[in-house]
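Chemist: Line by line, the protein sequences are chains L and V.
Counting from 1, position 544 in the first sequence corresponds to residue 544 in the numbering used here; the numbering is continuous, with no gaps.
Counting from 1, position 155 in the second sequence corresponds to residue 714 in the numbering used here; the numbering is continuous, with no gaps.
None of these hints come from the bench; they were simulated from the model.
On a predicted model such as this, the values are computed, not experimentally measured, just so you know.
Check each hint, because a few of them may be wrong.
[What the hints assert, rightly or not] Calculated pairs, DSSO-like style, for lysine-lysine (alpha carbon to alpha carbon, straight line, at most 27 angstroms):
#1 Lys1074(V) - Lys1023(V)
#2 Lys130(L) - Lys1040(V)
#3 Lys661(V) - Lys61(L)
#4 Lys804(V) - Lys464(L)
#5 Lys820(V) - Lys804(V)
There are 2 protein chains.
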Amino acid sequence: MIPKRSLHIKRVPKFYGNQLSKFKYSQDIPTHELLARLGFITYPRSGLVNWTKLGLSMQDKLSNIIRKRMDEIGFEELSLSLISHRKLWEDTGRWEGSEIFKLVGDEYLLVPTAEEEITDYVNKQLESYKQLPVCLYQINPKFRNEKRPRGGLLRGKEFLMKDAYSFDLDESNAMVTYEKVVGAYHKIFQDLRIPYVKAQADSGDIGGSLSHEWHYINESGEDTVFKCSSCNHASNVEKTLSFPKEVDESSEILVKYFTTKDKSTLVCAYYPSNRVLEPKFIQNEITDLDLTEHNQDELLDSFSNKDDLSKRFVRIMDARLSPRSNLPDFPLNFSNRAMITTLTDVPLVLAQEGEICAECEDGEITATNAIEVGHTFYLGDKYSAPLNCAVDVPTETGMTRQTISMGCYGIGISRIIAAIGEINRDAKGLSWPKSISPWDVTVVEIGQDEERSKEVFKLLNHGKVDYCLDDRDVSMGKKLKESGFTGIPLSIILGKHYPIVEIEVRGKKYGDTWKHTYEKHKDEFDWKVQYDNEQVNDVKHFVHKDGLVTVVNSLLNDM
Amino acid sequence: MIPKRSLHIKRVPKFYGNQLSKFKYSQDIPTHELLARLGFITYPRSGLVNWTKLGLSMQDKLSNIIRKRMDEIGFEELSLSLISHRKLWEDTGRWEGSEIFKLVGDEYLLVPTAEEEITDYVNKQLESYKQLPVCLYQINPKFRNEKRPRGGLLRGKEFLMKDAYSFDLDESNAMVTYEKVVGAYHKIFQDLRIPYVKAQADSGDIGGSLSHEWHYINESGEDTVFKCSSCNHASNVEKTLSFPKEVDESSEILVKYFTTKDKSTLVCAYYPSNRVLEPKFIQNEITDLDLTEHNQDELLDSFSNKDDLSKRFVRIMDARLSPRSNLPDFPLNFSNRAMITTLTDVPLVLAQEGEICAECEDGEITATNAIEVGHTFYLGDKYSAPLNCAVDVPTETGMTRQTISMGCYGIGISRIIAAIGEINRDAKGLSWPKSISPWDVTVVEIGQDEERSKEVFKLLNHGKVDYCLDDRDVSMGKKLKESGFTGIPLSIILGKHYPIVEIEVRGKKYGDTWKHTYEKHKDEFDWKVQYDNEQVNDVKHFVHKDGLVTVVNSLLNDM
Chain L
1 MIPKRSLHIK RVPKFYGNQL SKFKYSQDIP THELLARLGF ITYPRSGLVN
51 WTKLGLSMQD KLSNIIRKRM DEIGFEELSL SLISHRKLWE DTGRWEGSEI
101 FKLVGDEYLL VPTAEEEITD YVNKQLESYK QLPVCLYQIN PKFRNEKRPR
151 GGLLRGKEFL MKDAYSFDLD ESNAMVTYEK VVGAYHKIFQ DLRIPYVKAQ
201 ADSGDIGGSL SHEWHYINES GEDTVFKCSS CNHASNVEKT LSFPKEVDES
251 SEILVKYFTT KDKSTLVCAY YPSNRVLEPK FIQNEITDLD LTEHNQDELL
301 DSFSNKDDLS KRFVRIMDAR LSPRSNLPDF PLNFSNRAMI TTLTDVPLVL
351 AQEGEICAEC EDGEITATNA IEVGHTFYLG DKYSAPLNCA VDVPTETGMT
401 RQTISMGCYG IGISRIIAAI GEINRDAKGL SWPKSISPWD VTVVEIGQDE
451 ERSKEVFKLL NHGKVDYCLD DRDVSMGKKL KESGFTGIPL SIILGKHYPI
501 VEIEVRGKKY GDTWKHTYEK HKDEFDWKVQ YDNEQVNDVK HFVHKDGLVT
551 VVNSLLNDM
Chain V
560 MIPKRSLHIK RVPKFYGNQL SKFKYSQDIP THELLARLGF ITYPRSGLVN
610 WTKLGLSMQD KLSNIIRKRM DEIGFEELSL SLISHRKLWE DTGRWEGSEI
660 FKLVGDEYLL VPTAEEEITD YVNKQLESYK QLPVCLYQIN PKFRNEKRPR
710 GGLLRGKEFL MKDAYSFDLD ESNAMVTYEK VVGAYHKIFQ DLRIPYVKAQ
760 ADSGDIGGSL SHEWHYINES GEDTVFKCSS CNHASNVEKT LSFPKEVDES
810 SEILVKYFTT KDKSTLVCAY YPSNRVLEPK FIQNEITDLD LTEHNQDELL
860 DSFSNKDDLS KRFVRIMDAR LSPRSNLPDF PLNFSNRAMI TTLTDVPLVL
910 AQEGEICAEC EDGEITATNA IEVGHTFYLG DKYSAPLNCA VDVPTETGMT
960 RQTISMGCYG IGISRIIAAI GEINRDAKGL SWPKSISPWD VTVVEIGQDE
1010 ERSKEVFKLL NHGKVDYCLD DRDVSMGKKL KESGFTGIPL SIILGKHYPI
1060 VEIEVRGKKY GDTWKHTYEK HKDEFDWKVQ YDNEQVNDVK HFVHKDGLVT
1110 VVNSLLNDM
């Protein structure tokens, strides 16, 4: 029974469709501009964003999907201050970061990320190792003093981010937590329906030793992801190791010199001049490598005393070179050739499409542009060490002080909205998956019929359908077109054939489960389907009002 | 039927009760310190706040109450950028405000309030006067460069605020909107259960001509509210007009000189030396009064030409003076006594407790300390005029340009939490009304019994009871005490008398409706009530598990 009370009808937001009459849609309009034109957001200034009701609903839906999955793996939400004091950032060496928003007075900054503050928070709360792991997350604004903001939500001065942090007793416990988060991320991205890639990544400025990027593959993306045709391994460009299909004996060979951190060894890296050396790849062979850029002459000088028998020399050769390659002359003299080690067939340069995957040594790698929407890092003690986040742990010989092993895990909420907007748009405008659509169903009425309205909106309210009535004083055609532009998955038309209701399918289908419901209920609900010309996609459904909620839900279930 | 799936049990937050063993509760501990000790928030730095799960749940509940009531009156949520550019603030003359947080570079500020940005936003969206009224609100952080932060959430550098803004065609339409908001505010404050006062207020820095403050009466409050014993009119100290019970002929009389904005009239305000003159009160009689502080001698000088017959003189005498009072000598000469007007019996000084209410001229006013938690302003064109927010309106003679009439309406969310914490605490710690309690029911188990747990948590989940199981490894007594400290309305004890469950009442009762449920179900549920010694308050309930959800809900309904 539907409870008797005054009927509440949800309506389209203020200013919905406002600017649509003024512009002609074209796929050349950049998505960030389209989002503003359609009223999801406005840009009061370059890099700054106002979220209107339309965009805010999407933020809320996406945030709740993330909350659900993070809560499921035992992470707890909190919300740290948006302002942080310089003290902690000096302790970790990040106060002088280039994109830090500082407040006048030079004491405070606007948080770009919260490793410092959350470590400080946990450190103050933590009373015993028995309380570990501590797993926390927040969904709140972050700030970055982006000098050249672009792409609207993709790279702005402020953005909404889910940032999670984990604190474990040691690395092996931290790996368990890391894998839990990876599991939750898979669920989150599956909930969103858009195909994604988890790519092995470099830890960059955040630090730590294990990290993955979560990408949407899209040609507009600024990142490059390499994927193997055989083992499906994916990694970003800074992390992709590859072998050549065949060695190239013709190209000129360059050499770059490095040293180990203990200064005992000169490392000579040889690579083809037409490729880009990635010094971090040398670290895969020589873990003690010092990545600092040294003046090459001074470095060689420090190894020039040929009587110093404690010095060692390693020649490391990129896999693209052959042993017969014509290496540059070695600039130093030796007293003993046994001081030199030579490593060959090592991937030292950034990968290129068509090379062989170094993971499986079988498949061929292909490069695709991608939009990064999430990142998971194992941080180790990068923040816990300088901030002294440690616990006393009992051992056989008494208590010992152990530094916490941390992880951090981000998802860009405003970024995902921008990325999905870009990925799913087509000739008819935007097209949102149901998971984050501003609302699921636009309702359009032809003529006014109070009895009809009462019946239908009672059904929709009772069925908890997420609809909006478009009651603007414009034509039905315009309403349907604009609902399509806006990317709303379905439209319902209440017209002269009522109680038969028409449902227009706009959104993308990610499944066909609705067909089971159709087979079960088609007669009962007088349910007819109209397909497009190629008989591939269902484009319209006609159904008796009594089956409306069932049909709508079964269609949305695939979207 | 309860659906078959793995049973999810909600548990108390991480670090719950962490610091409780370290301190002895006393009512002398300031509430802002208590909130931190109990883990609702932490203060990473003076004036800055981290919200933990405990506090965040309260923010969410309170925000949702506000959302519901604002949506009901047709306001639409949005979320503006937290960073604003100086341009708009210079246009309205607020860039040089004393508590503005500016970003390095002197171009941007952190928003303390959003009149400028929302006016700019609406101005850009508004296409026709037919779209009016536009009613918007947001719930997001605000910033204030408070030099001496105090009282934790009461006066910090960042705070969570609901700020709403309305845009109407003219003042009379704006008044309709204003009254709608007043109605919604009454509902919000009634939902929260804590007694409140709506007081006539001065518009202060925000500007405009009509405003009310919404207060919680509390002796710790920094504001003063006067209330009439007869007509119940309430107003803050800057707005309270009062008459003396009897005139005081003994006190010394002071005079202060003002002028009208057109410089035509010298206004001489006479008042007793033991009271504080409020120049704005003179404006009630002389609306054209210039409130600028003038050098008194220079002002008199400018009126000293006794042959200038265009000058006028008004002597205005506070109601506490009698016509027979000995006024100071008038320092100027006149050519004509008709140039002087004298007004008597006007309230010119700040009210004092025990005086007569000027609204009803009957009741006596009393002064109480209060905590301001909301504010409603009619702004008129204070922001729309300098920012050129106007619409074309058709008139008989063609289109005319009309400046928008605005209103703004704030509620301090973090402030309300702090205020209610202060108001409702007692010898046993905090005590939250159900409307905003972090959770409603703490569950404590004596012994472990899987079957019992399964039964009870299924019931609680199915009944949508907002509970947390306290499964920490501490004694039952400690768990109950700490639930009480934390201010959770009810505790449930699953003990050896199961299926009889014990319910401890901690929270304050704002009603007695549970007694109807009791009369109806006491036999069915084997429901017993234990009262305190004075037989005034029910302190414990014993009930069969099958009636648990009904009893818990009926008790919470009054809390």
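Chemist: Where does the structure disagree with the numbered hints, that is, which hint numbers, in rising order?
Modeler: 3, 4, 5
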